[in-house]
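*Asks:* Chains A, B and C are the protein sequences, given in the same order. The first sequence maps to residues 1 to 406 in the working numbering. The second sequence maps to residues 1001 to 1300 in the working numbering. The third sequence maps to residues 2001 to 2381 in the working numbering.
In short, the hints are calculated from the structure, not lab data. As the structure is a prediction and not an experimental result, all values here were calculated from the model. Any given hint could be a false lead.
To be verified - Where chain C lies over chain A, by a calculated footprint (3+ residues, C-beta under 8 angstroms):
(1) 152-163
(2) 206-217
(3) 237-243
(4) 259-271
As the list claims (entries may be wrong) - When the alpha-carbon atoms are kept at most 25 angstroms apart in a straight line, the in silico DSS-like pairs for lysine-lysine are as follows:
(5) A:LYS125 with A:LYS149
(6) C:LYS2100 with C:LYS2139
(7) A:LYS149 with C:LYS2139
(8) A:LYS130 with A:LYS143
(9) A:LYS122 with A:LYS149
(10) C:LYS2100 with A:LYS143
Each residue gets a CB set at the ideal place from its N, CA and C atoms; glycine is no exception.
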Amino acid sequence: MALLSVEDLVVRFRTHEGTIHAVNGVTFELEEGERLGLVGESGCGKSVTNLAIIRLLPKPAGRIEGGRVLFDGQDLTVLPEAEVRDIRGSDIAMIFQDPMTSLNPVLTIREQMVETIQAHRKVTKAEAEKRAVELLAMVGIPKAADRLKDYPHQFSGGMRQRVMIAIALALEPKLLIADEPTTALDVTIQAQVLDLLRNLTTEQGTALVLITHDLGVVAGMTQRINVMYAGFIVETATTADLFAHPSHPYTIGLLHSVPRLDAVEGEELIPIEGRPPDMRRAPTGCPFAPRCAWRLEACWADNPGLRALSGEETVVTTGERATHRSACHNPPTAEEAAAGRPLRAGFTAAPPPSGAIDELGGTTANIDDFGGLVAAIEAEESPIEPFPSAAGLPLPPEPERRNDGI
Amino acid sequence: MAAPAIPAGRSARPAEARASRGLWSDAFRRLLRNGPALVGLFLIALFVLTAALAPVIAPYPPLAGSLADRLQPPTAEHWMGTDMQGRDEFSRVIFGAQVSLVAGVVSVVMGVTIGGLIGALAGGIGGKVDAVLMRVVDVMLSIPGILLAIGIVAWLDRGLPQIMFAVAMVNVPIFARILRGSLLSLREADYVTASRSVGASRGRLLARHMLPNSLTPLIVAATLALATAIIDVAGLGFLGLGPPDPRTPEWGTMLTDSTKFLRQAPWLIIFPGVAIVITAIGFNLLGDGLRESLDPRMKR
Amino acid sequence: MTASDSGAAPVVPALLEVRDLKVHFPIREGLIFERHVGDIRAVDGISFSMARGETLGLVGESGCGKSTTGRAIIRLYDPTAGNVVFDGVDTTSLDRSGLKAMRRRMQMIFQDPYASLDPRMTAGGIVAEPLDIHGVGAKRDRQDRVRELLATVGLNPDYAERYPHEFSGGQRQRIGVARALALEPDLIIADEPISALDVSIQAQIINLLERLQGRLGLAYLFIAHDLSVVRHISDRIAVMYLGRIVEVAGSKELNTAPLHPYTVALLSAIPIPDPVVESRRRRIILKGDVPSPANPPTGCRFHTRCWLRERLGDPEVCSAEDPGLRELSPGHTVACHFAEQVDGSAEQVQAVGARPAAGAAPAAPASRPEPPTHPQVPASA
């Protein structure tokens, strides 16, 4: 049995501005010790999924409106609040983006750590304190014993996140959920924290759900990835599979829209056109259709579920042999995935069904906004001219930025 | 606004049926969806209509009565009874709304103007000007409001204009602080920096960007201040510092005059008191509603 | 056209020349009598120059002084010392009207598209503001110009009357770009222009900036913390650490042959979205945090965290002597006493992850193959 099993989870927020369809039927499983990445942009539902799992949705607006979350066989969505609280912190631990808001500024690190440990374990204060020092040393805080009496603001951002990790791992949880744990940190500090997170979870056999918008971060940290868009999982695969054979147009778009450090000189970026989805609309059709270059007519009306790429019937949901699944009516080919755009002769993305035109807030405005105008501007534009380089200043001889191999 | 309508452009596109929604109209829409604020709006409308239509609504003249009818309990003829001089209490409460409305609005407008000016100078110029002005404001704030008002009325002599000025002065430091505070926080706002980097002058920054964006907290504060202003005016009246003509139907003065007859005629306390409370609650509800609907944190 | 003698002596003056720029912020203490107790040395003596139409990337981690540098160039901060020479004119000696005239030719794009647009102005009003301030054109013409600018950045000109909150983050940033373009500047200082945007939107803005540069001959000072983005857009890159520039090189060279230990560490820390490459790379984990700019280390500012210094057995010179920028190869300058030791080191090779050259390695066949086989790649979608 899987450690964590999320079944058809639906989360909505009722606000003055209307209903936010945050999570629209998400299903995935996680084995003990497995490291899973939840990848997507802001508003894709990845953080809300996390908050729903640990029952910390903001009240009263956010509600689980469907599905189950089984942790160790118990359905967390129906468990009494007291029991959920017991599980949080001891069996499931969390790390958030901003450690400053998750640490209490008026309590010392000692007080916070001892409190956490004593809340869940029957130990004396001295024992708890000893454990706290061990933990701080484990996460690489120099002079751990001395720093116990410090307040959170006396630590730097990276150090605070280390303290958070120490607190999170204090009770040797079975599952650690890290929500953008390094987004607020500088890149060299991010490297420190990710390194630590990977080593500790491996050592302790802790399962990890890593939530991030950064494909680079999950590439080196996780074994399996769920790509989320507009509250749906649109592609799921092992990390190796996903990067080797990205299959959903959104995943492909993401990969092509960030410059890679090891990119070939002049490799061009292919942006995903349009804008993020308006979550106030009840989803109809494929959520990515308005921005998709591969869309068919069917995509506007029918939301494709996750399907195995190879078409096989039995689906493996966890582990190294997890089936690569994607939710797409018109999966791009391997060549198209590599190129980042459709290559089929004469193929154009299906126009929206008539009558669906609306302005700014809507789905089809995207096309009008960027597709049309940008294309028009591009067409009128002359090829990029070489820079008129002022003499004496070393400019790399780079007449054209093109993709001519190496 | 810098872009005064491009009507030609708008009609060019049939698909663009929906007009642009300004911040204010957005806020107004939110306000209309806010229950308590609507109640407040209703109470204020009641108050304003009463004041405006007092001569029409009031069944009797507010100043004339016959001693034969004095201290009657509420009856079908006199809905709120009569006071010690036999005047119809209902009519007096209605005319009292006029006094309260005028006194409240004038004193708050005066307070916002003076306080806003001080705040704008302090927050806009900064440096020594700011330091000096804010010390003055601190001194004013350190004196309890009602005490300050009593002092001013005592000094300037009794009279409705003096009362309004006194109540205004109580609010001046509060408004000055609010405006200065929001101006200071806006000084570092990115869009102000952006405008500065283009070469905008200090006056332009203040007039175009900083002041318009610091108005919302001032508007909210002014609405809430209307409630306290009305209470303050009544309070001064209650302390015997009301309008010099003792016959003026002012709610606070009416309360004072009635205390002697508390046992015999409790309605004389109840009705003006209820009038004060209802009006104050109205402005408070509306102020809170405005705060919620104007708060930029409510939106992205 | 430009003189082709790309040697040492500049014939045409650089568009921008920054000489020994320092920006210090005083730290004051005391309630009534403020005492000057020290300085935050945000920028502490940096020099560089930029050519017309060039993109110079300025990278570094938070607190390294890169944003302060940009703001001092456009004179949002007054430099504590040093000169900023723009098109032959020393801006530090300009009076108010001179400064205003100079600002017409230098514009800025900000990081946060939500904070950098006045919520009470329409998109059109925001874009028109620079024109208003500088009195460019008649009022009627300005409206046309605004519509043209909005179209240039890929927005529907009919949206000119809408307010910022009606636009998405990416669209707002386009408005910011349009505002920066309004006065047809020569130099745009882009301060983290994409880091607040969603990943899928970032490429839209990068491509827009690149297209505009090709069309308008703009020079960009592109300030960012993300080396992979900076590398993509820049011709040359300057790396900053604790108020100093530690390395300047051509974009390609900096990424393939970094010579400063900090640059190497920075490169190695950037995750690459490719598990195959990631599994081969080894990160250099820098110890500790960046020291405070109020009290920077003596000698080389990086010596407290330097992996190379540790390797070399803590040579005295690192903590004793401040290494100046040395030119190790044409156009490649480094501030490190032992830069020669970096070249060819395992760390340098590992840092970039070295995607196997032209099918050399067996592991990554489908990781992200280039599409040279398809001639239809170029820009027409």
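*Asks:* What hints, given by number in increasing order, does this structure fail?
*Replies:* 7 and 10
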